[in-house]
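Visitor: Here's the letter readout for the chains.
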Amino acid sequence: MSDLLLRVSNLKTVIGSGDSPVRVVDGLDLEIRRGETFTLLGESGCGKSMSALSIMRLLPMGGHIIDGTVELDGVDLLKLPEQEMRRVRGGRMAMIFQEPMTSLNPVMSVGKQIAESVQLHDNLRGAAITKRVVELLDDVGIPDPERRAQEYPHQLSGGMKQRVMIAMALAGRPELLIADEPTTALDVTIQAQVLELMGRLKREYGMAILQITHDLGVVAESSDHLAVMYAGQVVERASCRGFFNKPLHPYSQKLFDSLPTEQKRDRPLSVIKGTVPPLDSQFIGCRFADRCDHVFDRCRSEVPQWDLLSEGQGVRCHLYDQIDPKVGTLCLPTETVVEPCEQEKRDKPTLLSVSDLKVHFPIYKGLFKRTVGAVKAVDGLSLAIKEGRTLALVGESGCGKTTVGKAILQLIRPTAGSAKFDGDELTQLSRSALRTRRRDMQIIFQDPVSSMNPRMLVGDIVAEGMVAQSIGVDHADRQERVERLLEQVGLPVSAINRYPHEFSGGQRQRICIARALAVNPRLIICDEPTSALDVSVQAQILNLLKSLQSELGLSYLFITHNISVVAYLAHEVAVMYLGRIVEQGTVEEVLQTPAHPYTQALLSAVPVPDPERAKERIHLQGDMPSPAVPPVGCHFHPRCPQATDLCKQAYPDRVVLSDTHTVYCIHTER
Amino acid sequence: MTINLLLSRLISALLVIFGVICLVFLLLHMVPGDPVEVMLGESARPADRAALRLALGLDRPILEQLFSYLNGLLHFDLGQSLHSRQPITELLMQRLPATLELTGAALAIAVITALPLGVMAALYQGKKQDSGAMLFSLLGISIPNFWLGPMLILLFSLWLGWTPVSGRDAPGALILPAITLGTALAAILARMVRSTLLEVLHEDYIRTAQAKGLARSQVIWRHALGNAWLPIITLLGLQLGALLDGAVITETIFDWPGLGSLLVESIQKRDYPAVQGCVLLISVTYVVVNMLTDLLYSWVDPRIRIGET
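If you read the sequences in order, they're chains A and B. Using my numbering, read the first sequence as starting at 1 and increasing by one per residue. Using my numbering, read the second sequence as starting at 1001 and increasing by one per residue.
What the hints contain is simulated information worked out from the structure, not anything from laboratory work. Even for Gly, the Cβ is constructed at its ideal location relative to N, Cα and C. Where hints are given, some of them may not hold.
To be verified - Facing chain B, according to a computed beta carbon distance under 8 Å, are these residues of chain A, among others:
{"#": "1", "residue": "G45"}
{"#": "2", "residue": "M56"}
{"#": "3", "residue": "L59"}
{"#": "4", "residue": "E84"}
{"#": "5", "residue": "R86"}
{"#": "6", "residue": "R89"}
{"#": "7", "residue": "G90"}
{"#": "8", "residue": "F97"}
{"#": "9", "residue": "L104"}
{"#": "10", "residue": "Y152"}
{"#": "11", "residue": "M168"}
{"#": "12", "residue": "R203"}
{"#": "13", "residue": "E204"}
{"#": "14", "residue": "G206"}
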């Protein structure tokens, strides 16, 4: 048995046919050894998922492999008849997917779905199958596996569903597990659980993992070797440690530079100009040339060849060419012009103050729709935002942070509590007064695709708010303002007469920002505005938001689950758990000296893009409880590593640590 | 929870049926035409007419008639036919089996042709098989019963002599009416099967099933159709109304002794209680079938059956 498990060479996959098929994978070479974790790293659309699907021969309709070999243990999978390939699929080679929510059949119990795999790849019959299913569920850390096997996917949380997917993959005792963004859709504490589980199973089952991700942090945590993909090709291959020490390809370097961190707070993030070239075009030179800071003549005229620098390390870039080495110029950090950061003041007037805000959604049951309880999405929340400052509201999905944003804007009427904006009590305002007030408060949503009417022109989308608020004297005046706004957010004026679908994700988010700015707001609620975007695009949007803040003195309520964005952008942080704020303070206080056990766990679960910095991880057990029946006492105590009996008695009081830093935990020392 | 669900469905179903009864009763009495005139002929003496009207209770105020009819319903008494003096319940029971047989056969034909046709169209999307199936479906939807029926009679009964022209007694009499009635439903159903299946085939869990190493047929029959059933069941429940509608016309064409032809005869004779009885039975069937569809739906879909936890 050789050490080499999978060798992919010159794999080419196209989608569509005719004159210009989209070449999603264009000459992929990979080698994966037994027992190692190999990562394909890249941004969306670079062809990494298509590479994995090609290896599994599971391409979507219209996809074809046109060239190359995929050898598993010396056998070329591309030459196998479909019937034999089916035995490999789910047997020697299994795959799990990004979306555990939709990847399980909703009308079949999870036990049955796992049993299907067991039946296909294990010579078991009858009761032995059931036993094996329970064993597998136990293996992936699902408590009470006998009962869970009877349940349907909708009864399980996202993390549990991904565990079920893993159990299904393990059923055939695979030698290679392909994991396509296995934790991207999960919360960070759940992501930590799943990554740890995959690491453990890899050792126990002695399998190799081909991991696909866009997250440098996840790479650093779990890989042995990696390849960076760009526009359908591998542009760099390295050992994990080597890569993080010194990324070689200009694209890889840019990926690091565009990561938001605390150290970069005082300057704009480095961005990659332009967008990924369309994959149906003919490339003459290097595919990255148009976006590269180090581009020179040869890059545009000659395709860079693969340079093997040492064993397992290589790069596709003219800078490393033996004939004309230009490596020396590359190590200089690409310093962008540092804009002087606005002097931070703490004594600015308060713009928005929310106190004891509650949003309860009643649960109806029975024949007469009696109210039998309430989902306490937001349950007594207080916060304040000063003029020109950013408050980050951090929490995992389901903690109620989006509801807070909507309740402040009165898009959902709060059940109780107050929200004062510049002295006005928003909850008491009449409809018409509220409508006028809306010009001061705007919102940007997570998904720029679904938050714009696809049948409206961009110009009309941006101008709509102005029309509603009677801003601008006439159509021409508004048109002129729309043009100015589009320029302000970095879009060409010609965008006015185009439709949203003609733009990329990042550009669409810029349109959404322009729309929000159109009515001259003072507060913008940003609800996860960058979480649907790639890192390099996220950097552009964060830069834009930051420069708009210093130009226009905007205040932001920044709703997010991304701690590094918080570190880069926010002034103050509020951490939310199950409808309540558990800790609040300035960004330094909360991120450097977190006082609440939940904050500590949350911060420790964030994967750091640095394999050298192995950190102490606090593992949280289980999932967040339902907000319909929050635990008695401190909401966090069932998952808290520091919990004592005292925690079950009552919800903890506020503990003041400094003027700005407060926490709700009885174990905090003042 | 299930008991509650059942109870609330039952109450709303009863309300719907009550509404239908009242509406049909009032409408019938507003339509021009007079049962007495039909029974006695135009030359009857006014005194005889008045006597008959009194005997039938038609002289009373309309609301009073409605109340007495509703009162009768409570005791399962649907009244007597004005024409044959037969109890309506008896009349309906004589005719019901024929209609059940016809609609059942039509439904079976529809499902048996539509399912493979729709699956084939979905699997060969954009290819010849797909266009063929969709052409059939387009024809099936656009050809009306009252044209298709006579054409089938012309071809199979008169020219080829394979099937009887009309009636229910001869062997093979069921074939033509069932095809006539089932074609439209088959056409709609085939389209529905195709589109739901296409939608389901793009779902992530289909990819998961393939990644397990399942054969294509297993993926389609177990995973794809398992999910595609849900909207198809709903459509079937709703389309039953159209089927009963169509039965009225089809039965008339083929002289099929079912509820539909009874309804048409009774309307012509202004036999109020008989019309009323037919409509009541049809509406009750429709409501009950839709209620069963709902319950079946919640039984097939665990997300409804068990609810979120």
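Visitor: A separate judgement is required for each hint: does it hold in the structure or not?
Guide: Here is how each hint holds up against the structure:
1. The beta carbon of G45/A comes no nearer than 18 Å to any beta carbon in chain B, farther than 8 Å, and the hint placing it at the interface is violated.
2. Below 8 Å, beta-carbon pairs count as interface contacts, and M56/A has one with chain B at about 6 Å; its hint therefore holds.
3. Taking 8 Å as the C-beta cut-off, the interface hint given for L59/A is violated, the closest approach to chain B being about 10 Å.
4. The beta carbon of E84/A is not positioned within 8 Å of any beta carbon in chain B (closest approach about 10 Å), and the interface hint is therefore violated.
5. At its closest, the beta carbon of R86/A sits 5 Å from a beta carbon of chain B; the interface hint therefore holds under the 8 Å criterion.
6. Interface restraint check: R89/A against chain B, minimum CB-CB distance 4 Å, threshold 8 Å, status holds.
7. The beta carbon of G90/A is positioned within 8 Å of a beta carbon in chain B (closest approach about 4 Å), and the interface hint is therefore held.
8. Using the Cβ-Cβ criterion of 8 Å, the hint placing F97/A at the interface with chain B is satisfied: the shortest such distance is roughly 6 Å.
9. Because the smallest distance between the Cβ of L104/A and any Cβ of chain B comes to about 6 Å, under 8 Å, the interface hint for this residue holds.
10. This hint holds: Y152/A has a C-beta 4 Å from the nearest C-beta of chain B, less than the 8 Å allowed.
11. For M168/A, the suggested interface contact is upheld, since its CB lies about 7 Å from the closest CB of chain B, less than 8 Å.
12. This hint is violated: R203/A has a C-beta 23 Å from the nearest C-beta of chain B, more than the 8 Å allowed.
13. Interface restraint check for E204/A: the shortest CB-CB distance to chain B comes to about 21 Å, outside 8 Å, so the restraint is violated.
14. Annotation: interface hint on G206/A violated; nearest CB of chain B at approximately 21 Å, more than 8 Å.
Comparing the model with each numbered hint stated earlier shows that hints 1, 3, 4, 12, 13 and 14 do not hold.
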